[in-house]
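Protein chains: 2
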Amino acid sequence: MRVAFLGLGIMGRPMAANLVKKGHAVTVWNRSTGKTVDGARTAGSPKEAVANAEVVWICVSDTAAVEQVLFGEDGVADGIKPGTIVVDSSTIAPAATVRFAERLKKQGAEFVDAPVTGSKIGAENGTLIFIAGGREETLEKVRPLFEAMGKQFVRMGDVGKGEAAKLAMNLQIALIYEGFAEALVLARKLGVDQKALFTLIQSSMVRSGVVDYKMPFVEKEDFSANFPLRLMHKDIRLTLEAAREAGIELPGLATVKQVYDRADKAGLSDMDYAVTLSVLASD
Amino acid sequence: MRVAFLGLGIMGRPMAANLVKKGHAVTVWNRSTGKTVDGARTAGSPKEAVANAEVVWICVSDTAAVEQVLFGEDGVADGIKPGTIVVDSSTIAPAATVRFAERLKKQGAEFVDAPVTGSKIGAENGTLIFIAGGREETLEKVRPLFEAMGKQFVRMGDVGKGEAAKLAMNLQIALIYEGFAEALVLARKLGVDQKALFTLIQSSMVRSGVVDYKMPFVEKEDFSANFPLRLMHKDIRLTLEAAREAGIELPGLATVKQVYDRADKAGLSDMDYAVTLSVLASD
Chain A
1 MRVAFLGLGI MGRPMAANLV KKGHAVTVWN RSTGKTVDGA RTAGSPKEAV ANAEVVWICV
61 SDTAAVEQVL FGEDGVADGI KPGTIVVDSS TIAPAATVRF AERLKKQGAE FVDAPVTGSK
121 IGAENGTLIF IAGGREETLE KVRPLFEAMG KQFVRMGDVG KGEAAKLAMN LQIALIYEGF
181 AEALVLARKL GVDQKALFTL IQSSMVRSGV VDYKMPFVEK EDFSANFPLR LMHKDIRLTL
241 EAAREAGIEL PGLATVKQVY DRADKAGLSD MDYAVTLSVL ASD
Chain B
1 MRVAFLGLGI MGRPMAANLV KKGHAVTVWN RSTGKTVDGA RTAGSPKEAV ANAEVVWICV
61 SDTAAVEQVL FGEDGVADGI KPGTIVVDSS TIAPAATVRF AERLKKQGAE FVDAPVTGSK
121 IGAENGTLIF IAGGREETLE KVRPLFEAMG KQFVRMGDVG KGEAAKLAMN LQIALIYEGF
181 AEALVLARKL GVDQKALFTL IQSSMVRSGV VDYKMPFVEK EDFSANFPLR LMHKDIRLTL
241 EAAREAGIEL PGLATVKQVY DRADKAGLSD MDYAVTLSVL ASD
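These protein sequence lines are chains A and B, in that order. The first sequence begins at 1 in this note's numbering and counts up one residue at a time. The second sequence begins at 1 in this note's numbering and counts up one residue at a time.
For the record, the hints were derived by calculation from the structure and aren't laboratory data. Just so it is clear, the structure is predicted and the values come from calculations on it, not from any experiment. Wrong hints could be hidden among the right ones.
No distinction is drawn between identical chains; accordingly, a pair holds when it is met within one copy or between any pair of copies.
To be verified - Calculated pairs, DSS-like style, for lysine-lysine (alpha carbon to alpha carbon, straight line, at most 30 Å):
#	residue 1	residue 2
1	LYS195	LYS141
2	LYS189	LYS257
3	LYS189	LYS106
4	LYS105	LYS189
5	LYS195	LYS120
6	LYS35	LYS234
7	LYS195	LYS234
8	LYS189	LYS141
9	LYS189	LYS265
10	LYS195	LYS151
11	LYS141	LYS21
In isolation and in its complexed conformation, chain A is listed as follows:
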């Protein structure tokens, strides 16, 4: 398919590269110039990139960036043709997603939100899971692209539900890690053998992919960024905003946000979110 890929960050670049590898005709664009993908054409603006595209795929950092790419100067809306499908893999506000989809609909374009789980490694290996919202027929049309970049897509409902489900997933990651970190702080302080505790965790019902993944880094106290704290912090804020708009409280997540606020103040935003362990330990 002819795909315009907008946003060549940590996730976007390997995703676009996987589309090229599977034989799709890809045109890429990135806000800061100089980033390219082998085998893809490079465009000077979103407008130029989407001119001839069947599908526009967006992977940028936040709600404001998506809005800019779609409706800013020389944006997607300036160049898109009726019948084009726009897929957004950024993690942004569900409510904004619905608004964006409605605006694009007036131009005859269909919208899909498809944020991902699987992080950088999943993007590189093409093993992402897409958490999708949109009409079933639209999702089917872009199935070859999902399959080029990921191992599966799960439809969570109509437009916006993909983003909502993504926030619900990251909420769980945040609380699982918080539990692991608090358990570790307590166990260390009470003199429990840490190796034995890790063995116990891994043979018990609290074992999860989240903790399996972080455990070796925690053991080495290596908090270099894999999933940077500032991004998880952003997702937590988005989630609490969405909850507030929906009139519900998420007390656990609100508390975790305070831990991230402290980490941020301590200048740890560019470290991995696992560094919140140090913040808790420094009480």
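Given the coordinates of chain A, assemble chain B onto it according to the supplied hints.
Quick look at chain B alone, frame taken from chain A:
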């Protein structure tokens, strides 16, 4: 071995039964009379039960109950002989455990704390994991009993470290479930397809035994007690107490405690702790 088993509750009774099955000579005692175990002798007091025992195994509800069994009228301390090993599988305060061990040591008895993970089903099937604290030689001496009732024991350090590690494990269970419950409340409110969300959870890194176990009950809204809320609530209070004594803060767990406090006030203490989902949803 000749074992006195004290406490025939949800956990204790099947544990004692498994000892009998493996050919050990078991004498049982329970605070409220009338409870027995096929093939075991029944004693009228802890003192009477331990008179001829090589090992005393305790499985009661809380710190006060352990103290009463050990040092109350006609308690263990009134009848125990030097060289006896006392194993406590109750989940109680680590600091109290250390004090109890010291008092028993003066009578020549050795102490092991060995709370369990695996719940009622694990107790019945003999697949418990013992989270043990005590001298290695002492633990080795009771290995046949661990093996009769469980699939493994993990030594977390000296006396008291088993209880400390158990609290650290339950802390994680509490936060994993809180994350799952908050995610569900949010996703429902935002209109996400719940079946799709469950599929997504189970194919992602947030999957854990805790959520795998609770998911079908949550789907049926069946909150009948498997692990009663009041017991998890008690463990959470114990953990926060231990943290306070150690001079550390556990902000996530402190927040979860507030959710349990509300559940308690709403009269839900005898339901499963999974019912906290309803408390969160009623905001």
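Consistency of the hints with the structure:
For the identical chains of this complex, LYS195 and LYS141 are inter-copy neighbours only, at 23 Å across copies versus 49 Å inside a copy, given an alpha-carbon limit of 30 Å. Proximity of LYS189 to LYS257 under the C-alpha cut-off of 30 Å is found in both arrangements, the shortest distances being 24 Å within a copy and 21 Å between copies. For a Cα distance limit of 30 Å, the shortest separation of LYS189 from LYS106 across copies, 27 Å, qualifies, whereas the shortest one inside one copy, 60 Å, does not. In this assembly of identical chains, the alpha carbons of LYS105 and LYS189 lie at most 30 Å apart only when taken from different copies (25 Å versus 57 Å within one copy).
Within a single copy, LYS195 and LYS120 get their C-alpha atoms as close as 28 Å, and across copies as close as 27 Å, so both meet the 30 Å cut-off. In this homomeric assembly, LYS35 and LYS234 come within 30 Å of each other (Cα to Cα) only inside a single copy, at 24 Å, whereas the closest approach across copies is 56 Å. When the C-alpha separation of LYS195 and LYS234 is checked against a cutoff of 30 Å, the pair qualifies only between copies, where the shortest distance is 27 Å, while the shortest distance within a copy is 33 Å. In this assembly of identical chains, the alpha carbons of LYS189 and LYS141 lie at most 30 Å apart only when taken from different copies (29 Å versus 55 Å within one copy).
For the homomeric pair LYS189 and LYS265, the shortest alpha-carbon distance inside one copy (25 Å) is at most 30 Å, but the shortest distance between copies (32 Å) is not. Taking the closest pair of Cα atoms, LYS195 and LYS151 come within 30 Å of each other only across two copies (19 Å); inside a single copy the shortest separation is 34 Å, beyond that limit. Proximity of LYS141 and LYS21 under a CA criterion of 30 Å is satisfied intra-copy only: 19 Å inside one chain copy versus 62 Å between copies.
Figure legend: structure checked against the earlier numbered hints; every hint is met.
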